[in-house]
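Trainee: In case you want the letters, here they are:
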Amino acid sequence: MKRIRLRFLVAGLVGLAAVAGSAQRAPAAPIDELVAAAKKEGTIDFYAPSTLTPEGAQKLNEALNKKYGLNIKLNYNPSGAMTRDVAKVVSFAATGTPPDWDIMVVHDAAHATLWLRKQHKPFDYAKVGVDPQVIGYDRGTVILANQFVLPAYNKTILPSKDVPRSWEDLTDPKWKGGKLGMGTATHHLARLATAWGEKKATEYVKALARQEPYLGELGTLYSRLQLGEIFIAITMTDSFVHRAKLKGAPVVHAEGIEPVISPAYNAGVLKGARHPNVGHLFAVFLTTPEAQEIWEKYGGQTSAFVPGTTAYKYAQGKKVLYMTQEEAEMVDRLTRVYGKMLGFK
Amino acid sequence: MQPMAAQGRTMGVLDRLLRNGPDGSTIFAGGLLIFLAVIVGAPAAMVALMSLRTGFPGEGGPLTLINFIRVYTDLSTYNVLLNTLLFATGTVVVALIFTVPLVWLLMRTDLPFKRTIYVLLTLGILIPVFLRTIAWILLLSPRIGLVNQWASQIFGLDHPLVSLYNLPGMAFIQGVSFVPGAFFMLAAAYRTMDPALEEAAYTAGVSKLRTFFWINIPITLPAIAAVMVYLFMTAIAVFEVPAIIGLPARILVLSSLIYTSTNPPTGLPEYGVAGAYGGVMLLAGLVLAYFYVRLVRQGKKYTVITGRGYRPREIALGRWKWPAMAFVMLYLSMEVFIPFLVLLWTSLLPYLQLPSAAALSSISLKNYRTIPDYTGALPFINTAILMVAVPCCAMLLSVLVSWVVIRSQVSFRGILDTVAFLPHAMPSILLAVGLGYLGLAYRNIFPFYGTIVIIIIAHTINWIAYGTRTTNSVMIQVHRELEEAGKVAGVSAPRVFLRIVLPLVAAGVFNSGIWISMLSYREVTMALTLYSRKNTVISTVVWQFWGSGWVPEVSALGVILVIFAVIVVGALRIGFSRVGEVGSSV
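Top to bottom, those sequences are chains B and F. When we follow the working numbering, the leftmost residue of the first sequence carries the number 1, and every step to the right adds one. When we follow the working numbering, the leftmost residue of the second sequence carries the number 346, and every step to the right adds one.
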């Protein structure tokens, strides 16, 4: 009996020691592991829209280091041509060459191209506290900012009675013959198919094509809208409307039209990235309020999924079209189909 | 029969080399030929390769004709080919309508203010095409164009008088922009025109206008035809005007298709399709180059300089002086003054607006102050590098090629000359696409993709044909006696070249170098096709600003560049009184 007690005592002590030891060696929180791994890498090559500016990138770098107690060096690569740079990543991967960048911030349609070709390095972002709503492309990316797309018009030229109240208003015969403009971003229209269905969206685009809109890049349509060469741009991102507001230009969105199309800027770490851990940590960081504030100040947009942000507030009570990865393939296909229908080769 | 003769000649060369062994000149020329063949042939080979492949550069895969089948079984391709043909033809016609009278007036008559006109012509080249196009939109747009608004008010028209959103409109804008280049090309022919025929006509009482049409134009017809072919080749490759004016109106040409195939607004590039489109362009380029060479050779039969001290007499315009000046002013207004005024106006505005009292009250210099924020220093540094490196590389190669072609007895010097001329047959957009493909697919052996070096290489290859035509003509004018004296004195061939030949041709080489430097400065097509963040240059910044809707900001940049160009060109004009001859040897 005494022996049994002793055994219990020894077992208890061993057990206590084991518990105490295991408490000392308790697995670190996933974010700490990521921070530690990132610390070892020390650098990140970051590709993002040029609207962020080097100063904005520097602010993000400082905020990242401050938040996680790091001394990471961030090399900012402003976007030249997103489509081509995505193609460059795919091309380099085909030759076995590592990508030039660890992490790319490009819109969701461009990330769809990378996802379809398995060019992301996935990460369990949810495990480190990222809202599952913003995780996409098989854990390959996180949404950090949303654009909002609607028809835009020149308010000094277009009488208020002619301001479109719905997407269908743009197919009115009174807009035929170069009074409308359509940008190269035909993925905007392709996204309508996610709400309307492919058949209705395709009929709608056919009707738009019959209006013979002026074609061009969004920026050139913005210029033509200012001049009054066109009355309405069929789609225009909020960044142009925001710019017009700052400059006093009479270009505004036709508010009230629904659904509001919302392409999203996603951050995704690339397969073969030289600094994947800093990349993943930075992607996590971009969804935090600190990063959102900087992104809004320099990049002009915020995430509609981070409560309190401008985009979040704007999206409340509206029917907003966000693209999911399940819809990516259809949007990608329809983008090209609609481009041809409208006259882009 | 001809292939047999060629084979015989080749065998003869080989036989001599085997018997005697190659001398220094032959080895040097051989090395030069191989080097040129590689740099000229590689982009063409890449275009051929990509046309036979699907997927991305570096992905490999079997060779296939699918791209050709896809492109040439699509009926819209033939519509595009027809558009290209009409656009290029119209461009050439418009360019010549202005160029031929301008050349005659400036080279053969006593028109006043010639020096100023030369400077303005040179300046016109430096105003980006898209900025001129904005001016034309403000003038000729069917809805807001001032000309149409005036016509509507004066004549009570209920429809636009003119519109630039059609093929004639595109050809007009592009043709006007080609005039300065065509002017410098034609100037030499008119400068050396035999005045005897003209004088005979005047003695016979023929009017100046009739003499111009029945004497001057026929005499210089081969030169004009050569310029026509050259302009046609250039017109099928440019894509700025097709993009700004053609695309909105759904008028597509080959160059815009090649560009959008490799730089699609959405989706991924289709290099194979671009290669298939490029095939027909390359073929057209080779055919046109063949005719160009024939025309230039034929033109030499019309050489009319008969003795030393020759100087054709200037024709007194008399009462035609001021109508002639009006014509020149009309052209300069279209090419320089109106675009510059539009540029200046736009640069002062917060956003693009038509002239009005409200717009006038909003003008400021803010866009000038914010230029550094938008551009940074890199585009300026890269442009400066281009403007120095490209003329240096192109002229160095050109001098070496011409030295072999004109001065040596190397048996294959004709082949070397032909290889140096071949880039002329390759549209610039294809050259850039080929080099881009090379850089992406074979990064290990050609690690220049995304760097300024790849643009330097593209520009150098593109202008080596021009460079060698210039240096050939300059080298011919230097008598051999001096070189022979050097050789007799026991000086080695390289030292003869460096100490005797080079100083003698330096002025001509320098002039051509300046011209190439300016062309490199304003070139958009290749720089944009090869564009990446690290190799951005001013022309690509200008283009991207336009595409992004930053028109007032880029206009401010344009004004500064034009003022800078006025200073540089004016200084060069004063420093080198023969600047008007630059470019005359093409």
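Don't read these hints as lab results, they were simulated from the structure. Just so you know, not all the hints are guaranteed correct.
To be verified - Just a few of them, taken from the derived set where beta-carbon distance is under 7 Å, the chain F residues facing chain B: (1) 404; (2) 406; (3) 446; (4) 489; (5) 696; (6) 790; (7) 825.
As the list claims (entries may be wrong) - A few chain B positions that, by computed beta-carbon distances, are all more than 12 Å from chain F: (8) 71; (9) 179; (10) 197; (11) 257.
As the structure is a prediction and not an experimental result, all values here were calculated from the model. Quick reminder that beta carbons are idealized off the backbone N, C-alpha and C, glycines included.
Trainee: Now look at each hint and say whether the structure bears it out.
Mentor: Hint check results:
1. 404: holds, 4 Å
2. 406: violated, 10 Å
3. 446: Given a least distance of 33 Å, the restraint on residue 446 (chain F) is violated.
4. 489: holds, 5 Å
5. 696: holds, 4 Å
6. 790: Because about 11 Å separates residue 790 (chain F) from the closest Cβ in chain B, which is outside the 7 Å limit, the hint is violated.
7. 825: Status violated, d = 51 Å.
8. 71: holds, 25 Å
9. 179: The assertion about residue 179 (chain B) is violated, with a minimum of 8 Å to chain F.
10. 197: holds, 21 Å
11. 257: Consistent with the label, residue 257 (chain B) stays out of reach of chain F, its closest Cβ about 22 Å off (over 12 Å).
The structure shown violates the earlier hints numbered 2, 3, 6, 7 and 9.
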